[in-house]
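K.L.:
Start from the sequences and build out the full structure, keeping to the hints where you can.
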Amino acid sequence: MTSTKTNPGNYFEDFEFGQEIIHATPRTVTVGDVALYTSLYGTRFAVQSSDAFARAIGYERAPLDDLLTFHVVFGKTTPDISLNAIANLGYANCRFLKPAYPGDTLSSVSEVIGIKENSNRETGTVYVRSTGRNQDGDKVLEYVRWVMVRKRDKESPAPEAIVPNLAPRVDPANIGSAVPPLAIARYDYAIAGSPYRWGDYEVGEKIDHVDGMTLEEAEHQIATRLYQNTAKVHFNQHTEAKGRFGKRIVYGGVVISLARALSFNGLANAFHLAAINGGRHVAPCFAGDTVYAWSEILEKAELKGRSDVGALRIRLVAVKDRDCADFPLKTADDKYADGVLLDLDAWVLIPR
Amino acid sequence: MTSTKTNPGNYFEDFEFGQEIIHATPRTVTVGDVALYTSLYGTRFAVQSSDAFARAIGYERAPLDDLLTFHVVFGKTTPDISLNAIANLGYANCRFLKPAYPGDTLSSVSEVIGIKENSNRETGTVYVRSTGRNQDGDKVLEYVRWVMVRKRDKESPAPEAIVPNLAPRVDPANIGSAVPPLAIARYDYAIAGSPYRWGDYEVGEKIDHVDGMTLEEAEHQIATRLYQNTAKVHFNQHTEAKGRFGKRIVYGGVVISLARALSFNGLANAFHLAAINGGRHVAPCFAGDTVYAWSEILEKAELKGRSDVGALRIRLVAVKDRDCADFPLKTADDKYADGVLLDLDAWVLIPR
Amino acid sequence: MTSTKTNPGNYFEDFEFGQEIIHATPRTVTVGDVALYTSLYGTRFAVQSSDAFARAIGYERAPLDDLLTFHVVFGKTTPDISLNAIANLGYANCRFLKPAYPGDTLSSVSEVIGIKENSNRETGTVYVRSTGRNQDGDKVLEYVRWVMVRKRDKESPAPEAIVPNLAPRVDPANIGSAVPPLAIARYDYAIAGSPYRWGDYEVGEKIDHVDGMTLEEAEHQIATRLYQNTAKVHFNQHTEAKGRFGKRIVYGGVVISLARALSFNGLANAFHLAAINGGRHVAPCFAGDTVYAWSEILEKAELKGRSDVGALRIRLVAVKDRDCADFPLKTADDKYADGVLLDLDAWVLIPR
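Protein chains in written order, with the working numbering: chain A, 1 to 352; chain B, 1 to 352; chain C, 1 to 352.
Everything labelled a hint here was simulated from the structure, so no lab data went into it.
Where hints are given, some of them may not hold.
Note that the list lumps identical chains together, so a pair holds whenever it fits in one copy or between two copies.
The calculated lysine to any residue pairs, modelled on SDA-like cross-linking and capped at a C-alpha distance of 25 Å, are [to be verified]:
no., residue 1, residue 2
1, LYS232, GLY288
2, LYS5, ASP326
3, LYS232, TYR189
4, LYS98, ARG322
5, LYS330, ALA287
6, LYS330, THR2
7, LYS116, GLY288
8, LYS139, GLY305
9, LYS242, ALA287
10, LYS116, PHE245
11, LYS154, ASN84
12, LYS206, ARG61
13, LYS232, GLU296
Keep in mind that this is a model prediction, so the values were computed, not measured.
P.N.:
See the structure below:
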């Protein structure tokens with residue numbers, strides 16, 4: 001007798017506008033996860049690395065790396081949202097709302113905020129707003145994501161198309177709540193690794209983060225399982241060998257984390273990722289690729305009522321198998337240049 | 001002057017019936033080990049993943065995954081029991097007796113409960129009952145295992161053969177003590193990932209766990225060292241290149257853990273492995289193999305005095321490089337089918 | 001506009017005698033790091049593995065493995081000291097001064113204690129004394145290291161040559177402060193894994209540690225990032241493919257840790273590395289190499305005022321792709337034999 005208790009994932013027909021999806025599995029994130037996060041990306045931001053440093057400026061203790069929080073919250077959504085997804089089309093309006101600390105238990109809920117069948121009638125786009133909460137029910141993270149999902153049956157009727165109106169950037173008036181008021185005079189620039197603050201960066205400045213990191217299969221699999229992300233393409237060589245690329249695809253979040261960790265070299269004091277305005281995985285990344293990164297300062301903003309930190313809007317670009325001394329991005333015909341993996345638009349906070 | 005202080009491992013002649021072997025090294029298992037366990041197998045059972053979930057139903061906090069406890073206790077036995085073993089022949093009567101939590105220190109002792117020379121006079125079978133205890137001396141785990149061990153000298157006299165009488169299954173009257181009385185009404189099925197409880201499963205039901213996971217050398221080595229398991233075949237390519245398979249063999253416990261983690265998809269609420277009735281590593285597993293799994297419900301049992309949880313006896317089968325939609329197990333002549341790695345018979349507990 | 005905020009690393013001209021360099025990033029070391037350390041090397045010394053064991057003899061809890069402390073302190077120095085280094089020439093006078101525990105925050109400072117341009121005028125040798133401190137400012141570790149660093153410009157004038165006078169060994173009168181007074185009668189030799197104590201070892205005794213461990217790229221990268229060591233040669237296959245060896249070079253500290261972990265088999269009670277008298281990375285190590293180790297007892301010393309532990313001075317040799325039954329070290333012409341990776345001279349402490 002064959003069981004029907006296995007989760008087959010949701011198809012386009014299973015989503016409806018306004019629907020709320022409660023995701024399994026709640027996860028207590030610990031210093032164990034922090035150590036793994038460090039070991040997988042080599043991140044060096046002092047606030048997240050040192051309890052002593054974090055306490056000196058006003059945190060309870062070193063908070064989780066914002067992207068660790070993001071990946072854990074995101075990972076929970078994969079069995080329900082993207083198991084049958086063909087493509088992760090984009091992110092928008094991602095905001096970190098409250099610091100998460102080791103010991104916090106994170107869980108995720110998504111709301112369907114848009115839905116639109118594609119003209120081929122075989123797929124559709126689903127827009128969700130996913131929210132990560134801690135054990136007290138406080139929101140720590142919120143983001144919008146849209147994915148292309150297969151239909152179960154080409155003949156099913158199309159739902160009324162609803163496409164959310166997504167702002168191209170998060171208003172800086174709405175960021176920063178994940179950073180407590182800081183005793184910023186106690187921020188030690190020498191041990192943080194750089195003298196540069198908010199006032200030292202200029203719009204238009206481009207930063208080559210210099211270093212490159214070669215990814216191994218074991219590394220991205222360990223990372224992706226750490227987040228309890230179940231997307232099959234990252235783990236199953238037996239099926240991927242017959243797939244589009246003949247090999248496993250690295251979870252895009254691994255590329256984001258690597259680029260962010262590399263950005264320490266040039267942005268060492270930009271310790272907090274406050275918001276992701278938008279992001280695009282331009283090309284797939286595979287084991288064996290060497291990831292480099294560069295940033296451009298797109299905009300600067302003061303934060304209402306805060307003299308401790310200011311915001312830099314950065315374009316963070318990850319590139320594979322070429323260094324970034326010439327800031328590779330697009331070709332003359334406005335297509336992404338060969339090797340570009342990620343084009344991310346984010347707000348980071350940095351002492352003033 | 002060459003030292004003789006190195007442990008050469010025990011040979012068949014070194015074991016005697018009734019002998020007690022105290023194993024090195026005690027090990028404090030922490031949230032660091034839990035994070036690594038999650039990252040290596042992607043396990044998602046809510047009770048072990050979330051302190052908040054575990055506390056809501058009556059645990060002190062999230063207990064260790066039962067197999068993490070098993071592997072740590074088992075790993076300690078390897079330098080004394082199986083350093084010169086040719087084969088790990090089987091497991092029986094494995095029971096989880098008390099929950100283990102991060103911070104507990106585990107240690108292992110084995111008693112030789114059977115011994116029998118093989119007719120070739122070159123090897124013999126040794127049966128041990130191994131017991132894992134916490135820092136308070138409480139038993140957390142007990143199991144019987146038998147291995148084929150080399151003789152040091154073919155001419156040594158054979159000991160009197162004693163073969164223990166091992167029950168084919170653990171009596172369900174003797175399982176469940178590792179689960180405290182649960183406030184099962186507070187068990188949240190939505191965030192646990194499945195609505196199915198004890199009453200929803202039927203004897204004979206077969207569950208394809210769908211997903212496959214490709215193993216890398218770094219992954220199984222990291223896992224096996226985490227358990228301080230010293231068996232040489234898992235780590236040394238220099239010698240294994242000249243060995244039977246030409247490559248390192250994955251510790252069988254890695255396959256058990258992967259199969260158990262994959263079984264979440266279909267058995268999400270079967271949060272506790274209460275007993276292993278028997279288990280057989282049917283074929284060796286190597287890096288590069290993609291592991292799939294399926295289960296069959298063999299039996300159902302109520303637990304004396306407990307209305308919170310019931311027991312399902314499952315056959316958990318791990319298979320490599322083929323999916324499990326057709327539940328591969330044996331061929332017409334009762335041999336294991338190609339690709340079958342593991343045939344495990346276990347009791348799992350699940351809310352009623 | 002191209003930023004100049006990226007750290008290009010220091011060149012020979014940037015160092016001057018007496019200079020103090022404060023290194024980024026302070027790091028809280030946790031049980032997460034301990035779990036990773038165990039999983040990467042398989043270390044089994046009871047004092048570091050078990051809180052219960054450590055407390056029984058007088059520690060607060062299980063201290064960090066001494067080499068984990070070393071690697072974290074060392075890793076911080078790499079962006080400032082060795083980013084443009086061609087070779088890590090040696091270590092001397094390394095002493096562990098105070099136990100470090102999970103939860104401690106470690107930071108590093110270096111002082112330039114010697115500087116000497118090479119006759120080719122393209123490089124020079126820089127000697128630094130690096131100090132690791134905990135969150136209270138207490139020294140936990142101190143060592144001298146010298147590296148060959150590129151000059152930015154061949155024509156820059158040579159500084160006055162100053163070469164520190166480095167003792168060939170740490171005086172045993174100055175070691176042991178990282179071990180609290182021990183209730184050594186409560187040291188349990190059975191669970192520690194060996195009956196042998198200080199009195200059982202003889203000068204000239206050579207110990208083959210038997211086991212070999214094959215290294216994977218993912219393993220050494222994960223290890224090296226865990227220490228926030230940024231040296232490029234360990235991580236970037238894209239550039240190393242065009243480099244001297246065509247592949248990534250394993251951080252030498254990984255080899256030291258592997259050799260130390262392997263030395264458990266024969267030196268199980270030598271639980272503390274008290275000092276490194278000197279050390280040389282004889283040949284580079286690469287992924288795929290299988291590392292073996294052997295030790296020789298060079299000297300024995302009592303420690304002033306201590307009847308609990310004594311010191312053994314050992315030569316710890318790591319070798320690749322050959323076993324150590326014949327204790328490979330040098331050839332007839334006093335060159336290191338093929339396969340020798342590491343020649344380390346250290347003091348270890350062991351119960352009397």
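K.L.:
If a hint holds in the structure, say so; if it doesn't, say that too.
P.N.:
Hints versus structure:
| no. | hint | result |
| --- | --- | --- |
| 1 | LYS232 <-> GLY288 | both (19 Å within a copy, 16 Å between copies) |
| 2 | LYS5 <-> ASP326 | between (53 Å within a copy, 16 Å between copies) |
| 3 | LYS232 <-> TYR189 | between (43 Å within a copy, 24 Å between copies) |
| 4 | LYS98 <-> ARG322 | neither (37 Å within a copy, 44 Å between copies) |
| 5 | LYS330 <-> ALA287 | within (24 Å within a copy, 36 Å between copies) |
| 6 | LYS330 <-> THR2 | between (51 Å within a copy, 17 Å between copies) |
| 7 | LYS116 <-> GLY288 | neither (36 Å within a copy, 40 Å between copies) |
| 8 | LYS139 <-> GLY305 | within (22 Å within a copy, 41 Å between copies) |
| 9 | LYS242 <-> ALA287 | both (17 Å within a copy, 19 Å between copies) |
| 10 | LYS116 <-> PHE245 | neither (27 Å within a copy, 53 Å between copies) |
| 11 | LYS154 <-> ASN84 | within (15 Å within a copy, 59 Å between copies) |
| 12 | LYS206 <-> ARG61 | neither (32 Å within a copy, 48 Å between copies) |
| 13 | LYS232 <-> GLU296 | between (34 Å within a copy, 23 Å between copies) |
Against the hints set out earlier in the document, violations occur for numbers 4, 7, 10 and 12.
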